[in-house]
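Heads up: the protein sequence lines correspond to chains V and U, in order. Positions 3 to 330 (the numbering used here) are the ones given, in order, by the first sequence. Positions 86 to 287 (the numbering used here) are the ones given, in order, by the second sequence.
Mixed in with the good hints, there may be bad ones.
Stretches of chain U that chain V covers, calculated by requiring three or more beta carbons in the stretch to come under 8 Å of a beta carbon on chain V [as the list claims (entries may be wrong)]:
#1 152-163
#2 168-174
#3 257-269
FYI, nobody ran anything at the bench for these hints, they're computed from the structure. In this text, a Cβ means the ideal position worked out from N, Cα and C, and glycines have one as well.
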Amino acid sequence: MLINVPETVVADALRGMAAAHPELVVDAENRVIVRRDAPVADKVALVSGGGSGHEPLHGGFVGPGMLDAACPGEVFTSPVPDQMVRAAAAVDSGSGVLFVVKNYTGDVLNFQMAAELAEDEGMQVASVLVNDDVAVTDSTFTAGRRGTGATLFVEKIAGAAAEEGMPLERVEALARQVVESSRSFGVALSACTTPAKGGPTFDLPAGELELGVGIHGEPGRERRAMMTSHEIADFAVDAILEDLRPRLPVLVLVNGMGATPLLELYGFAAEVRRVLDEREVAVARTLVGNYVTSLDMAGCSVTLCQVDGELLRLWEAPVETPALRWGR
Amino acid sequence: MSDSELDAAFFVRWMVAAAASVEREAGRLTELDSAIGDADHGNNMQRGFAAVVKALEADAPTAPGAVLTSAGRQLISTVGGASGPLYGTLLRRSGKTLGDAARVTRQELRAGLRAGVNAVAQLGGAAPGDKTMLDALVPAVAALETSFEAAAEAAEEGALATVPMLARKGRASYLGERSIGHQDPGATSSALLFAALAEVAA
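Full structure from sequences and hints, please.
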């Protein structure tokens, strides 16, 4: 691993972000990343955060048109309420703060505590929970579906809405619409290595793959002999379509888990498009790359989000962050 | 020792012993967590209890309740994940229930911890049998009526009893049936907390 010692991995990365991105204020000590022009007058502020190890999520999505602040936790561990409250206070213009929270027990509990503390300080806070992973059986007896690739769609679309000056209730409603319209499925070709453990988080022999993995190196629901890109695309897209049959065109995210080359991801994106064509699902836009990663895990995930005219317009709106950047 | 001797210094010793135990067992906790979670429970607990001890060394409260409240606050501010809010709430609520009495009895501590455990159940939405820290905490608090030793034994048995359980809460629940056959890391660290309590009471 390209590290000094496991204890300083997150702080070291934050110092690097500060060096590379002068347009952000990176507080490595308190672990808060804020866009430099925050608080932006009369704008709803978006704050997200989560365990480290998923880069560029979330810090790489801080900037105009997306997040106002991000709070990185330890590797695969949610940040603490103190970070979130500090971030909210730094970006709140008085127009309110929206917390974007991935559905993991730790993230939910810490953001819940942070929302209470921020409200005590007089801030108006709303929260949206991202839970798009169809590999997890959703029931009141489980922790519910995980938040994965759809987080990027939520942060981009709600971020654009906030940038246009929409009020908190509207930004929150759009974020919820994105969550309800999105589904994901992930596949691992290898386990990942956490700096603290120094070895693979689970044992996956070469020649086998895990279907339905999350983004924390946790094993999936099913193990099979290696499949081709063609077969994996069939399996992943069908798992999603079984749960959400889109009536509108979809945004497609073909996401790398960290160690799969773009050459393979683009090949996989072609297979995903083929399946969608065969299933007669219209594609509005496709994004391919490593956005919601799991350290050095090899593998990929597919996220579909069905979009109406407004969601598509907000997706297309300009964005200026380290990891996602386009103009008009 | 007689029950009325549970003063603030006793509670500080308990937290110091818990920190030492978590430090010693960090590797095992992380190992258990890598089987059904995300391989960080040992490190997170280690970081949290190190902060607890540091805060108590800098400014030791004079009431047992305040020691636990301070410890809980440190855990919430330093651990993250689910463990931070859950362990933090356990100690904070227990501490608040003990109030500002300078000394407490074992039965009063039991009542305080019971309030803390109830708060954990409410926050996490879990119940005994879900393969969580509650499977060690609930029997431990019940057995504290008898003795510190009995509480530690009940916690240890409770942690071992999570092995055949199907996880219904937290990250292990994503594994479904594959969570069966592994000991819950949170129940294991909860047992360490009660072992530390028995150790300082002996």
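Hint by hint, here is what the structure shows:
1. With 3 residues carrying a beta carbon less than 8 Å from a beta carbon of chain V, the region 152-163 of chain U meets the three-residue requirement, and the given coverage holds.
2. With 4 residues having a beta carbon nearer than 8 Å to a beta carbon of chain V, the region 168-174 of chain U meets the requirement of three or more and the stated coverage holds.
3. Requiring three or more residues with a Cβ within less than 8 Å of a Cβ of chain V, the coverage given for the region 257-269 of chain U holds, as 5 such residues are present.
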